[in-house]
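Visitor: Hey, can you work out the whole structure from these sequences and the hints?
Number of protein chains: 2
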Amino acid sequence: MKELRQITVIGLGLLGGSVALAIKSFLPNVKVIGFSHRAATRKKARQMEVANCISDNQADSVVGSDLVILATPIFTFEDIFRDIKSSLKEGTIVTDVGSTKTLPHRWAAKRLPKSVHYIGSHPIAGSEQRGVEFSRDDLFVNANCIITTKKGTNREAVSLLKGFWTKTGCRTITMTPAEHDKIYASVSHLPHITAASLLNSNSDELLKYSGKGFLDTSRVASGPSNIWVDIVMTNQKNCARGINKLIKELEKFEKVIESGDHDKLHKLLESARNKRAKLIKDKLRKKELL
Amino acid sequence: MKELRQITVIGLGLLGGSVALAIKSFLPNVKVIGFSHRAATRKKARQMEVANCISDNQADSVVGSDLVILATPIFTFEDIFRDIKSSLKEGTIVTDVGSTKTLPHRWAAKRLPKSVHYIGSHPIAGSEQRGVEFSRDDLFVNANCIITTKKGTNREAVSLLKGFWTKTGCRTITMTPAEHDKIYASVSHLPHITAASLLNSNSDELLKYSGKGFLDTSRVASGPSNIWVDIVMTNQKNCARGINKLIKELEKFEKVIESGDHDKLHKLLESARNKRAKLIKDKLRKKELL
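Taken in order, these protein sequences are the chains called C and Z. FYI, in the working numbering the residues of the first sequence are 1 to 290. FYI, in the working numbering the residues of the second sequence are 1 to 290.
These are calculated hints, taken from the structure and not from any lab test. Please note: incorrect hints may appear among the correct ones.
Here's a subset of chain C near chain Z, in silico, CB distances under 7 Å, partners left out [claimed, not checked]:
(1) Leu206
(2) Gly213
(3) His266
Cβ atoms here follow ideal geometry from the backbone N, Cα and C, with glycine treated the same way.
Guide: Right, here's the structure in full:
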């Protein structure tokens with residue numbers, strides 16, 4: 001297989017719908033099939049024409065596809081692999097857009113036939129919104145997409161998958177699933193847990209006095225809870241470590257505040273400010289921010 | 001005094017500049033005098049015409065004013081009170097736009113003559129940007145402005161000050177300085193410390209992998225460090241209590257994650273999600289969000 005002619009997207013939420021729309025816009029010669037187990041989602045997806053064909057049969061939807069992309073909550077993957085394995089043709093690339101990668105690789109190794117290639121994908125795009133109605137064909141433009149591979153992952157398949165994400169607008173970065181899960185516990189899962197903790201530490205009555213800063217700081221916590229249960233529970237150790245690391249940083253602030261040491265407090269705040277300034281400069285340079 | 005004819009704004013950063021511009025736009029019959037101790041700021045303020053008159057002498061700038069508004073870092077207030085006290089006419093209202101209120105009230109009681117009225121103001125508006133060049137006359141439109149009073153604060157002066165903030169576009173809410181500082185430790189100072197801790201807990205190398213969610217969660221930490229040292233150090237006990245409250249919430253997550261209890265994790269995430277949804281609904285209803 002040298003090129004992708006047919007792609008199946010399983011799950012048509014914000015991400016799955018956007019993948020399908022991006023294929024229609026940026027790979028117009030590829031046939032895209034979308035599957036959702038929900039009738040209401042299929043109806044909306046048909047109205048929005050997110051794919052060439054919307055299927056209500058998961059195993060059938062992958063027949064003949066060169067690439068199958070799972071865009072469902074992570075804990076559904078193992079069942080989906082079991083359900084589709086006999087319908088996959090030889091050499092098919094199976095990937096997903098989930099936010100953790102170690103367990104998906106393990107499940108794929110256990111459940112998928114040796115004749116297909118599982119590779120993880122994690123496009124760093126999305127929002128706190130959910131549902132196919134928020135899908136956009138340009139969701140992946142200028143986003144990073146982490147590709148996860150293990151020793152022995154088929155190189156041709158990796159290069160085909162990287163080419164696919166590049167065409168949707170992503171920049172790809174390849175690493176192992178373990179590296180991925182460690183990094184994203186720190187820069188994504190921990191901020192989510194923190195935003196939720198900030199909300200939970202305040203009563204509704206107190207929150208009414210908050211300003212725009214609080215709304216931004218807590219935005220990610222509006223993301224769908226079922227998706228986030230799966231993310232956190234498939235990355236337990238790294239998330240727990242992240243929480244401990246954050247608590248240590250908070251305790252540094254507490255100590256400095258209680259000691260009344262203005263200079264040390266200034267240093268802690270300035271360190272954070274410089275880190276964010278550097279980060280924004282880097283992201284602007286790479287055109288990740290427009 | 002039944003109306004304000006002349007107002008002095010001391011400090012012409014983002015907030016002070018915006019107060020001056022709002023006076024020019026919404027109270028066009030009032031003469032507004034701006035003071036900054038920095039020549040470069042005065043030059044920019046003159047170019048932008050943020051006030052009718054830009055002064056380089058703090059004590060002179062308040063002569064004849066009915067209202068004096070401090071828009072400088074909180075720890076400068078006591079010195080400013082000392083510097084301007086002999087130039088204030090009888091019955092002048094002195095206020096500020098600082099983010100903590102207990103110490104400013106204490107300093108005012110100690111330093112200002114009995115013939116003037118100190119009342120605290122805290123407009124919940126601003127951004128992580130700094131400098132007169134980011135000033136906007138509509139910064140206060142639809143914002144809450146907390147007015148802090150103590151037993152014995154002159155009622156006529158309070159009503160005049162509330163009228164002033166209302167004209168700039170604010171909704172005013174009156175409370176004691178102690179109530180204010182407790183509330184804002186929770187909904188503003190703690191989120192700032194948390195955003196800074198999240199940044200400090202990550203290396204620059206790791207941060208490069210972050211997405212837009214992280215940038216939002218950490219936005220407030222780009223605020224000016226000197227301003228925030230003063231905010232936190234004038235609200236030490238409440239901030240330290242806030243950190244402890246947050247650590248307890250983080251530990252709840254840690255425990256649930258380590259136990260692998262999906263239902264309990266879902267409940268914690270859903271509680272946060274519901275709180276934010278309620279908050280946004282409330283803010284939309286009150287037109288605080290446009």
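Visitor: Each hint needs a verdict: does it hold in this structure or not?
Guide: Going down the list of hints, with the structure as the test:
1. A least Cβ separation of about 5 Å between Leu206/C and chain Z falls short of the 7 Å threshold, and the interface hint therefore holds.
2. Proximity of Gly213/C to chain Z holds as hinted, the smallest CB-CB distance being about 4 Å (cut-off 7 Å).
3. Hint status for His266/C relative to chain Z: holds, with the closest Cβ pair at about 5 Å, below 7 Å.
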